[in-house]
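Those protein sequence lines, which keep their order, are chains A and B. Numbering of the first sequence is given in my numbering, commencing with residue 1 and proceeding in unit increments. Numbering of the second sequence is given in my numbering, commencing with residue 1 and proceeding in unit increments.
Just so you know, these hints were derived from the structure itself, not from any lab. What you are looking at is a predicted structure, and each value in this text was computed from that prediction instead of being measured. For each residue, glycine too, the CB sits at the ideal point set by N, CA and C. Treat the hints with care, as some may be off.
[To be verified] Under 7 Å between C-beta atoms, here's a sample of chain A residues computed to sit facing chain B:
| hint | residue |
| --- | --- |
| 1 | 36 |
| 2 | 63 |
| 3 | 145 |
| 4 | 158 |
| 5 | 162 |
| 6 | 192 |
| 7 | 195 |
| 8 | 219 |
| 9 | 223 |
| 10 | 227 |
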Amino acid sequence: MLPGRIAAVVLVLLLSSASSATATAADAITPLEEYTTAKARNLATTYKIQLVQFYEYVYNCLPWLGVVKNGIGFRQPRDAQADDRYLSVWISIDQKTDGPFGQMPLDRRVSAMFSRYGVDMLRRLSQLNGVASDPDVRGFSVVLSWLKPGGTEKNPMMETLALFIDKSSLGEFLAKRLPATEFTSRAMFNVFEGKDRVGRVTLDVWDDDFNSTFKLKNYEPPEGAKCS
Amino acid sequence: MLSRITRASLAVSVVFLVGACTAEDMKVWSSHSTHFASGEHGFFSLRNNKDGSNPRVSRLDVENNRLQNWWGIYAINVSPNQIFQN
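Can you build the whole structure from these sequences, using the hints too?
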């Protein structure tokens, strides 16, 4: 009897630890009760299906990325004066910290991560049905976090880029009508090392199609997932 | 006072150096990929047939691998309220 109980407890622990790493759509999308304005709640309600579909696409088809808990939502930049809403996704990236990436200075790491993942995520967000044309949506936002190179297992720290861009500028940039330098000058962004705000760094953006073309070897999306 | 030729040469050199630096950065980054891009993880073989054929990696395999190997989930990170207000 006792071994059976122990086995049951172990099973529960295993399942709970797995569920903490395997975020569901409900975990990944900002709950309505967290919003403080009617505009935000309306947006989250109106586009709930699109947000769930977006989450499912990332989860099923881009498994090298992880959506942070409550990471998808219509957020407002800290210290914003008006109720400007940006459709935002916060992504955690499993990046090797040794080798060439670890030798890059901070601004190059930020530029590389944004070029590789940030632009693609912004493009996908802006393509969600109806969102970009909604007058209550000010723009789009991407938050990228990765492990800071040079840390130790005892003292690991993340680096984070949080970027907000108005939808008009994003549309022009994605259509290649706005140079990257102008795009970055219009964007509001901050870099963080751990909890410390670094502020703006030199952000260069270049073409990188990794996130839209990479295929994980031997990976099979869950049955029913639409990854094409 | 620099001659026109000297100034032009300097300008070309600066452009070349900047271009070379950027190209090198691009090359380095392009040759580097995510943990998952390497395909070297042990769990990739877990679902292989005994003869090594028909390897399959499920979403749960990927998640379990992250859970087991990536200590970044315990790392210090910025709080949402440092970035957003609701």
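Cross-check of the supplied hints:
1. 36: Since the shortest Cβ distance to chain B is 5 Å, the answer is holds.
2. 63: holds, 4 Å
3. 145: holds, 6 Å
4. 158: Status holds, d = 4 Å.
5. 162: Interface hint status for residue 162 of chain A: holds (4 Å vs cutoff 7 Å).
6. 192: holds, 4 Å
7. 195: At about 6 Å, which falls below the 7 Å cut-off, the nearest Cβ of chain B leaves the hint on residue 195 of chain A intact, so it holds.
8. 219: holds, 5 Å
9. 223: Residue 223 of chain A check fails; min Cβ-Cβ to chain B is 10 Å, beyond 7 Å.
10. 227: Result: violated, 11 Å to nearest chain B Cβ.
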